[in-house]
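Protein chains in written order, with the numbering used here: chain G, 1 to 285; chain U, 1001 to 1337.
Keep in mind that a hint or two might mislead.
Stated by the list, open to error - Here are the simulated distance ranges between beta carbons:
id: 1; chain 1: U; residue 1: V1059; chain 2: G; residue 2: S181; range: 52 to 60 Å
id: 2; chain 1: U; residue 1: F1196; chain 2: G; residue 2: S41; range: 51 to 59 Å
id: 3; chain 1: U; residue 1: E1078; chain 2: G; residue 2: R172; range: 46 to 54 Å
id: 4; chain 1: G; residue 1: P195; chain 2: U; residue 2: F1251; range: 30 to 38 Å
id: 5; chain 1: U; residue 1: F1298; chain 2: G; residue 2: L190; range: 44 to 52 Å
Stated by the list, open to error - Negatives, chain U to chain G, calculated, CB over 12 Å:
id: 6; residue: R1033
id: 7; residue: S1191
id: 8; residue: L1221
id: 9; residue: S1245
Because the hints were derived from the structure by calculation, they are not lab data. Just so you know, even glycine gets a beta-carbon here, dropped at the ideal spot from N, CA and C.
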Amino acid sequence: MISTIKNLYEHDRRFRFAFIVIIGIIIFSSLSFFSPYDPDSSYDVPSDQSPSIKYFFGTSSRGQDIFWKMTFAIRNSLLFGISTALLSRIISILVGLTAGYKGGIGDRILMSINDSFIVIPILPLLILFNFIFQEKMSLFLLSLIMACLGWAWDARLIRSQVLSLKEREFTRTAVYSGMKSLPITLKEHLPFVMPIVFATMINNMLWSMGLEVSLAVLGLSDINTPTIGTTIYWANQHQALVAGVWWWIAAPIAISTLLFIGLYLLFASLNQYIDPRTRLLRMGG
Amino acid sequence: MKHGFFFRYCLQRVGQCLLVIFIGITITFIIPRLAPTDPVESAIATANMSGQYTHPEAVAEIRRALTELYGLEGGIFEQYFNFWKRLLKADLGPSYSSFPTPVMDLIRRSLPWTVGLLLTSAFIAWAIGNLIGGLAGYFSQRGWARTLGVFCMAIRPTPYYIMAFVILALFAYILPIFPLSGGLAIGVHFSFTWRFITSLLKHAFLPSLSLVIVSGGAWFLGMNSLVSNIVSEDYVVYAEMGGVSNRNILFRYVMRNALLPQVTGLALQLGMIFNGALITEYVFSYPGLGYLTYNAVFSGDYGLIIGIAIFSIIGVALAILIIDLAYPLFDPRIRHR
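With these hints in hand, go ahead and build the complete structure from the sequences.
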């Protein structure tokens, strides 16, 4: 694990950049544990101060220090992304492994349902969901429903991986040795699928965090919990751009863009790493 | 035999399209039933809270329509059956925020804007992204190809909202050339005049620019990696050794093969691009479904939100069906099986 990271860090510029950015952002978000202000309180500091040594990112019209507010926002957004990704991994591994290993009519039915979930436009459904729940909405509930809607793409990738694993020598050996299909899937195939699961998890985080921003700017997320999206929502509510308080909106946009690029480069780099073709190239084969 | 396969392919695609609509609408049926409180009553309460004056008559009418559509009376299967019956009659009841206009009318009015914006942007992004991506993949050693690659890597993960917002801020504060909101200038009406067309294009420019940049970046990266894989295949190497010109190799051999997964990709990504279009419309107050959604949320118009969700699903499913049915035009293997 550590040697893989070291290897990637030395040979892939994208990974190096992503690694540094993400470590930086994780450190930044963990500063929230040392925040002098409560994330829910307002008017702790003078309002509408532009960025300075005292207030790195300036202060908002609600009298909040944007630097500290952002540490909470990034932490919550990251936790939200991770929990959505983990929850949806459960469904996609389950569907992908079953469809891939069973094959036949079961596979065809599962994949038809899977393909439907890939193409259904999810934003209107999420808007409906948030609208129904309104005040009872929480970030966890949102991540739960997003996990239920956002597993399909990765299930397909996992299935295709299992399909190729099924044709390998060792699967046949296992079958002839009398191993049942469940243990084969879990013990023999799952370890090979794990790298893909990990890479798609990062992609899923990007997807869910981006959608959270979309929902929050419509006022349809848990708007009282600071996240990247709700920070932008509150800035818009106070007409930050019109009032000239541009730093209120620049801070979440700049940090989240950095975070999104970092995660995407990490995903791209890992994807290339686990792709057998490039692995062969690296080995000189 | 030839026709048999093609026919089966079409039938399969139509079946998949119907399944998408069925699953999507079933989800819209289920979601309100997960709510802790009666969605009809809480929707009416929210709408009242937003301070609109509504006729008691209107409230009664809407309550009846909503209860029929999403009501909790009778068994769950009976509810489900009634839900579909109402949908098939294309009757979604009156809108709450602009009573007594039916929800269907509101949607019908905004739909052309979204369809126009989405289809042109999606197509332009697809064409430009794939063309430049293909060139960059083929000439991957050149400086411009690498620079573009880095640029697209940075653009690709940006959420649609952030891109739209940055473009809005840029053009609102630094270069105020394009109108920032609306679909047409005030006083311009639909007609085939120069004034109408320029106004339409001017207003659509910024929203579609932001859509084209984000999704174009994604197509670029996809095509780039597809082409750089194909370039190392034997037939390309032979063509190069045989003295076939670069242009012929790229456009007649490499790109044609690489385009197939990108056509499938367009069908698969359309739902995602649709999400982006909704949010972009909201940012630019473009009078399509996205803006309608924002108004519906803002005024607590429950029936309208459900209507938009249903129509989004049907619209995207049908658009995908069209792409799927056009696929054999690109792929001779399906045409001539």
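Cross-check of the supplied hints:
no.	hint	in the structure
1	V1059/U - S181/G: 52 to 60 Å	holds (58 Å)
2	F1196/U - S41/G: 51 to 59 Å	holds (53 Å)
3	E1078/U - R172/G: 46 to 54 Å	holds (51 Å)
4	P195/G - F1251/U: 30 to 38 Å	holds (36 Å)
5	F1298/U - L190/G: 44 to 52 Å	holds (47 Å)
6	R1033	violated (9 Å)
7	S1191	holds (32 Å)
8	L1221	violated (8 Å)
9	S1245	holds (28 Å)
Hints 6 and 8 from the list above are not met by this structure, while the remaining hints are.
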